[in-house]
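Novice: If you read the protein sequences in the order shown, they are chains A and B.
Counting from 10, one number per residue, gives the positions in the first sequence under this note's numbering.
Counting from 230, one number per residue, gives the positions in the second sequence under this note's numbering.
Hint data in this document are derived by calculation from the structure and do not stem from the laboratory.
Hints are supplied without guarantee of correctness; some may be wrong.
Here are the simulated lysine-lysine pairs, DSS-like style, with alpha carbons at most 25 Å apart [what the hints assert, rightly or not]:
#1 K779(B) - K521(B)
#2 K521(B) - K503(B)
#3 K382(B) - K407(B)
#4 K353(B) - K476(B)
#5 K359(B) - K430(B)
#6 K715(B) - K592(B)
#7 K302(A) - K632(B)
#8 K651(B) - K302(A)
#9 K302(A) - K663(B)
It should be emphasised that the depicted structure is a prediction, and the values quoted were computed from it without experimental measurement.
As a plain string of letters, each chain reads:
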Amino acid sequence: MTYFILRRLLLIVPILVGLSLLTFVISHLVPGDPVQLAAGPQASRADIERLRAEYGLDQPLPVQYVVYVGNLLRGDWGRSVLSRRPVAEDLRVYFPATLELVIAAMTLAIALGIPLGIVSAVYRDRWPDNLSRIFSLASISLPRFFLALLLQLALAMSLAWFPLGGRFPTLETPPPLLTGFILLDSLLAGNAHAFALAWQHMALPAFALSLSPLATITRMMRASVLEALQQDYVLTERALGLPMRLILFKYVFKNAFISTLTIIGLYFGFLLGGSVLVETVFDWPGIGLYATKSVLSLDFVPIMGVTLLIGITFVLVNLVIDVLYGVFDPRIRYA
Amino acid sequence: MFGSMFAKRSKWLRLSVFGMMALIVLAGCGTAATTAPSQPQATSAQPQATTAPQTSGTPKVIVVGSGQDVENLDPHTGNSYSIRAIQRNVYDALLRYEGNPAKIVPHLAESWDVSANGLEYTFKLVKTAKFHDGTPVTADAVQFSFNRLLKLKKGVSFMFTDVMDLNSVQVVDPYTVKIKLTQSFAPFLSVVPWLWVANPKVVQANAGSDDGQTWLKDHEAGSGPFVIKRWEIGNLYELERSKDYWKTAGAGNLTGAIWKVIRETSSARLALQKGDIHIATDFSGDDMDALKGQPGVVLVEEPEFRTFSIKMNVQSGPLADINLRKAVSYAFDYQAMLDAEGAGHAEFMIGPLPNGILGADPKLAVPRQDLNKAKEFLAKSKNPTGGVKLLYVYVTGLEIERKFGLILLDSLKKLNIDLELKQMVFPDMIGLAKKPETTPDFFPVYQTANYADPDNVAFAAYHGSQNGNWTNPTYSNPATNALIDKARTTLGDEARIKLYVDFQKQIVDDAPDIFGVLEKRKLGFRDSVQNWKFVPIASNAIEFYPLSLK
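Assemble the whole structure, with the sequences as input and the hints as a guide.
Specialist: Below you can see the structure in the form of structure tokens.
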């Protein structure tokens with residue numbers, strides 16, 4: 010297992026080189042000019058060229074790439090052309106916000122999706138299954154931003170059960186940010202009030218973000234459980250008189266969960282980069298908004314930073330998923 | 230089959246299914262944090278000026294919801310309306326804008342003299358002004374600030390670099406500073422309010438390797454009425470009132486202010502209705518319509534110097550033909566453009582200069598839709614029967630520009646001219662505007678005046694030296710350049726007005742633009758906000774000092 014993990018960690022290197030190269034080339038070959046935008050409407054040619062030189066953008070593309078990678082290896086993620094802020098500093102602020110939201114959404118999706126899927130399979134074509142089917146189809150069919158707006162209007166504006174947006178009340182002082190995860194920081198500060206406030210703010214966006222994976226996990230789990238329930242070993246276990254709960258949760262679940270685990274890994278990565286609409290509606294200061302703003306202004310360095318960070322996280326999450334395959338199914342061996 | 234095995238537990242299962250659904254809603258649920266700074270009250274017509282109560286008792290923190298982040302507070306490199314909003318509250322300038330129409334009034338400079346040739350400006354500083362660390366604001370600090378701006382060549386330096394160098398600012402005595410311009414620049418006093426005076430001691434102590442640029446991104450070295458309390462990039466920026474601000478007259482009762490980033494205007498709308506924010510800075514016409522009559526909400530729409538015009542490629546392609554440009558100008562459906570903005574949300578441009586600015590000529594004969602005239606000019610052009618295809622690019626996601634493109638498409642059909650609409654991210658558009666060969670036939674541009682002087686718009690939008698910049702990709706005429714150059718160096722409003730009248734006639738004759746609309750500034754307030762007054766320059770960069778909360 011250790012060899013497997015080490016090998017996978019080493020494989021991250023060529024993946025990141027490929028990813029960085031691809032992103033670098035694409036983002037630099039488009040015809041736009043962020044430098045001129047950054048220099049301002051009345052900047053002279055000389056000012057623009059000076060700024061271009063300051064960012065090394067007057068160098069040939071291969072040289073720019075080598076310099077970028079060299080800086081990256083020294084821990085320097087570069088500076089945004091437009092805001093002139095160090096990208097690493099921005100990522101430290103925005104990434105934990107999104108990661109926390111995605112973890113909350115995925116936790117919600119897994120915690121609800123797996124039992125719902127099992128119940129649907131067990132009660133196939135009966136009312137719990139039909140209810141779950143309607144819920145899943147509705148969740149996956151509704152555009153996420155539209156659903157987010159509806160939730161905001163109904164639960165935050167009309168009923169005032171939740172705040173409209175943000176990570177923490179505007180007029181309250183948040184706990185000292187040590188990790189960037191506000192729930193965790195509230196706990197570390199021993200501040201139960203702050204924890205409750207942070208959770209109130211996270212509930213709606215996390216729920217809105219969770220619906221799509223929740224629906225997929227539910228349907229995937231249902232299909233896998235149904236398939237597993239048809240297997241001979243289940244018939245044998247029933248014939249032996251084992252309690253159904255034991256059959257379901259000890260034997261069927263382990264076999265059925267593998268395919269759902271794959272989906273969970275993929276969704277995790279997808280939500281990291283795809284949370285922008287929910288972040289926009291709920292003013293969640295996350296990496297999705299940061300990435301979108303950078304893409305719209307062709308600000309190369311933040312685009313590279315976001316892509317690489319999400320790439321690294323995605324690879325690591327899927328490594329964990331691969332390891333978990335073996336935990337759930339001991340037949341899987343790590344070569 | 231398996232369902233029957235669970236028959237005994239069906240009740241439990243039913244409950245668990247509903248329980249899970251309820252959990253979704255109830256998780257974290259409860260009464261939302263009561264952060265509303267004010268309760269909705271009766272709508273009034275406009276925030277009224279009242280006698281400002283002095284700061285005392287309960288905290289009065291105003292919350293502004295804005296779509297724009299404050300990424301770089303550096304007084305000499307950062308420049309956007311949101312950055313300016315924070316800068317103007319933590320820093321002071323020699324002069325400031327006040328009133329409508331905007332007037333230049335004393336601030337750190339209590340008085341000033343201008344030499345007869347317009348090359349020397351002598352400012353007398355107030356002696357009571359102090360930076361936040363207690364250091365007096367002196368002529369040295371003014372010199373340091375000007376020189377830092379000129380050296381770094383970023384932010385608003387473009388307003389000064391043509392007429393100043395590093396020897397321009399001279400310290401006469403600790404409270405007198407003289408600025409010698411390298412050439413006469415009539416709007417000089419209009420740009421001085423955007424030069425923030427920074428504390429040299431603090432900047433030098435935190436200079437690092439980049440003249441303090443890294444440190445000043447999220448710290449301040451000012452003497453303004455507020456100091457930074459909280460700085461959460463991408464989220465909010467909180468200021469608190471400086472306890473010993475050098476000025477007291479006209480102060481409101483605010484103890485603090487928060488600039489909250491709300492990217493979606495629909496969210497800002499809800500936040501204003503709910504009372505979570507006191508001021509919203511980025512509303513569209515639709516937002517204003519939706520908020521009309523909402524209790525506790527006050528809407529303000531005022532004309533500001535923000536023009537929208539569709540620039541034509543006068544150097545390359547079919548529109549290099551002046552007759553075709555004039556045909557297009559007369560074929561365009563201006564009324565449809567105004568209607569697209571929504572009733573009352575915009576007004577027609579009356580020429581190349583924004584309405585109301587010095588020299589804007591209300592009698593100027595600008596093209597309005599007249600198909601007969603359009604066809605006359607078309608007949609004189611190199612394409613007398615139309616039959617050409619032109620390209621209009623617009624900013625991705627900017628719906629109003631797409632609508633304007635559709636109006637243009639419809640208008641040009643009457644001349645048998647086809648139009649392709651293409652959306653692009655703004656930096657791509659800027660890239661295209663670098664050369665006449667790549668500049669699209671139609672290039673829509675919004676321009677906001679940075680200072681209340683016609684030079685700002687005239688120079689950026691019509692001077693030939695700006696060719697290749699998105700503000701003026703292709704238009705250049707030596708006669709126009711001469712008029713702009715003369716108007717910016719001539720002293721005296723009367724003489725300048727004459728020059729700008731000639732300039733506007735020249736532009737109408739050359740027809741480089743379809744003159745569009747002036748979008749009104751749209752701001753939303755809670756009725757608890759008092760003492761706010763509209764100033765038509767950077768009115769969305771809210772000045773907190775005079776404001777009060779009921």
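Novice: Name the hints, by number, that the structure is in violation of.
Specialist: No numbers; nothing is violated.
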